[in-house]
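Student: Starting from the known structure of chain A, fit chain B with the ligands onto it as the hints suggest.
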Amino acid sequence: MTTLEAPGTPPPPPAAATRPLARKRSRPSEQLFKWLVMGLTAITIAMLIWLISSVVIKGAGSLSWAFLADKPSSNPDKAGFNSALRGSVVLMIITIFFAWPIGVAAALYLEKFATQSAEASERKVRERLGSGVSGVHAGWLRVRLSWLRVRPRVVHLVDVNISNLAAVPSIIYGLLGLAIFVGILGISKSLLAGGLTLAVLILPIIIIAAREALRAVPISIEQGAMALGATRWQAVRSQVFPAALPGILTGTILAMSRAIGETAPLIVVGGIVFGTAVPSLNPLDAGNEALFAMPLQIYFWTDQPQASFQAIAAAGIIVLLATLLVMNLVAIILRNRYSKRW
Amino acid sequence: MTTNVEPDTTADDAPIEIQLSAGAATPTHAVAAGQGAAAGPAQPELGPPIFQLRDLGVWYGKNEAVRGVSMDIPKNAITAIIGPSGCGKSTTLRCLNRMNDLVPGARVNGEILFGGEDLLSSDVDPVDLRGRIGMVFQKPSPFPKSIKDNIEFGMKVNGIKPTAERVEQALVDAALWDEVKDRLKDEAFSLSGGQQQRLCIARAIAVEPEVILMDEPCSALDPIATLAIEDLMKNIAERFTLVVVTHNMQQAARISDQVAFMTVEGKAEGERCGVLAEVGTAREIFSAPKDPRTEAYITGRVG
Ligand SMILES: Nc1ncnc2c1ncn2[C@@H]1O[C@H](COP(=O)(O)OP(=O)(O)O)[C@@H](O)[C@H]1O
Ligand SMILES: [Mg+2]
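These protein sequence lines map, in sequence, to chains A and B.
Numbering-wise (the working numbering), the first sequence opens with residue -14 and increments by one.
Numbering-wise (the working numbering), the second sequence opens with residue 991 and increments by one.
With the rest of the complex left out, here is chain A:
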């Protein structure tokens, strides 16, 4: 091995005297910031505690099995939460049934298929066009070619607008649901119409959450699968999707807890604020069942002047909050238990 003597090696630096170690000193801005952040956190927590405790104090007395099992009534002592509970359960089933598959499919397409390998497919299509096909086949290839050309722009447009959709006020979704499901599709103002409206409402949230979860799976998983001779679909289905599933489910639950508390869009598509019917729990009957839901019932009760209605409203809020808490707990457990550190 050749060792080259560097020309003109610089002389070693003179041994400097060691500077004494600095003493501890206070940093006021650091302290100030710490107290500020702590103070703001305390305010938030205090507000939450105040909210929950005032609701519990007001409503705990009215909470009983009878309250959960009884149907609504104009007599506050007899009125129960059963119809509202049933309505919300059926709403959630319908919402998830429609929003989940569509949302996850859209996320898979946008994340894994829409932007990939446009060049390769374009080249392939153009080569096949050049190799003298004719008639319908050539026309079809030309359609595909133009689609491949505009696809990136379409995908970008969809991309931007999904985020926008997630920020649209929920009452707008109510109006949309009224126009499409009740107006155009002719579905009666029922649990079905409400569930479909909520499905549209949380669709962008599910898509965004599912895309995040898919993106969190390292590309090496997908490429590793494809390097073994798997198609992209096989790689995504058997490796990427299962790895992303806990994240997708977490996002789905959070989206559902958004949907279960929605009131405004349900009022627009014909939510019942007062009624004495008891809706069936069978989601197949939802097209004929009146649109009951927990937040609607609470809304109606808080609107009444009598104090005893305020008490059962508080009891209803406790049930709704407990449901939300359980849903969020499941989401947190899912995330902690199954989230992978890649």
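Mixed in with the good hints there might be a few duds.
Stated by the list, open to error - Each computed BS3-like pair below joins lysine-lysine, with the alpha-carbon atoms no more than 30 Å apart: (1) B:K1065 / A:K97; (2) B:K1146 / A:K97; (3) A:K97 / A:K109; (4) B:K1135 / B:K1175; (5) B:K1171 / B:K1151; (6) A:K174 / B:K1146; (7) B:K1151 / B:K1138; (8) A:K19 / A:K9; (9) B:K1129 / B:K1065; (10) B:K1129 / B:K1146; (11) B:K1151 / A:K97; (12) B:K1146 / A:K109; (13) B:K1171 / A:K97; (14) B:K1175 / B:K1146; (15) A:K9 / A:K109; (16) A:K109 / B:K1175; (17) B:K1171 / B:K1146; (18) B:K1151 / B:K1129; (19) B:K1135 / A:K97; (20) A:K174 / A:K56; (21) B:K1065 / B:K1151; (22) B:K1175 / B:K1138; (23) B:K1151 / B:K1175; (24) B:K1151 / B:K1135.
Because the hints were derived from the structure by calculation, they are not lab data.
Tutor: Relative to chain A, chain B with the ligands alone:
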């Protein structure tokens, strides 16, 4: 731990132990056509070529990453690709099983004859090709599943029945069996980095490919795990063609039969592009390099 690894340049002399699997894993098909048409420069030490790269070039968008690579890669031998980082070693390797198809904006030109047929041709099915030319990546990338599932996935997508014997054989070949035979159902992530990388090699072997490409397979591993993998590479080279990218010249010297040295060439102002500087047997490259850039690199004056 085997310690019979000495840094000699004549890897062929090392004793070779092979366990031939019952199902005759030695690939025999698809080498007949076009053989010897353009056999390249005579290299008596090396066998017939399985890949023939002809003026291969790769662009990423408007950047030319690799230009004018022409070389033969001999069958059932280990070819090492060395060179400074960014010279296009990975890019070149990814062309060999069309993984560059998956990189948005990547364009490949030139020819890569595989058993005489151009594998870059647009009517060649890349999915089928990757079943015959496997790949192991720099960072161990097991699937987040059990050890067994990791091995079986490739078999399933290639229509090989995933029997217990085949799983065992792949793990034996990858020198991992003894360490994992009692815990096949464990998460692959519970293995150490070196074990994970051997699992990835086992996963590639299980598909019974003809070629295995490895992109710096040891760069994330400690020296002992590295030696284990080098041992295993030498053991399987009899059955598979191996193309290994490495930035470690000692490793290239220890394991390879043929060495390709790539480097970066400045074209116009500011533009840099990877080229093949020299290719030859390991002995030629390390004892008598012809290109001054190769000599500068292997004597450690550059890079
Ligand atoms: N996916 C990619 N997109 C764009 N440029 C890339 C990509 N991969 C590699 N390159 C570029 O190609 C050149 C060669 O890269 P690479 O093949 O990774 O080199 P090496 O493996 O020898 O370090 C580099 O200049 C790098 O920036
Ligand atoms: Mg590289």
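Student: Sort out whether K1175 (chain B) lies within 30 Å of K1151 (chain B), counting only the CA atoms.
Tutor: holds, 18 Å
Student: If you draw a straight line from the CA of K1129 (chain B) to the CA of K1146 (chain B), is it 30 Å or shorter?
Tutor: Holds, at roughly 24 Å.
Student: Sort out whether K97 (chain A) lies within 30 Å of K1065 (chain B), counting only the CA atoms.
Tutor: Violated, because 36 Å separates the two Cα atoms, which is more than 30 Å.
Student: Would you check the hint for K19 (chain A) and K9 (chain A), treating anything up to 30 Å between C-alpha atoms as holding?
Tutor: holds, 18 Å
Student: Between the alpha carbons of K109 (chain A) and K1175 (chain B), is the straight-line distance 30 Å or under?
Tutor: violated, 42 Å
Student: Given the proposed pairing of K1171 (chain B) with K1146 (chain B), does the C-alpha separation stay at or below 30 Å?
Tutor: This hinted pair holds, its Cα atoms lying about 21 Å apart.
Student: Next pair to validate is K97 (chain A) with K109 (chain A); report whether the Cα-Cα distance is within 30 Å.
Tutor: holds, 20 Å
Student: Does the structure keep K1135 (chain B) and K1175 (chain B) at a Cα separation of 30 Å or less?
Tutor: The given pair, whose Cα atoms are some 9 Å apart, holds under the 30 Å limit.
Student: Can you confirm whether the C-alpha distance between K1135 (chain B) and K97 (chain A) stays at or below 30 Å?
Tutor: This hinted pair holds, its Cα atoms lying about 21 Å apart.
Student: For a C-alpha distance cap of 30 Å, please report whether K1171 (chain B) and K97 (chain A) respect it.
Tutor: violated, 35 Å
Student: Are K174 (chain A) and K56 (chain A) close enough, with their CA atoms no more than 30 Å apart?
Tutor: holds, 20 Å
Student: Does the alpha-carbon distance linking K1129 (chain B) and K1065 (chain B) stay inside the 30 Å limit?
Tutor: holds, 26 Å
In this structure, the hints that do not hold are numbers 1, 6, 13, 15 and 16, in rising order.
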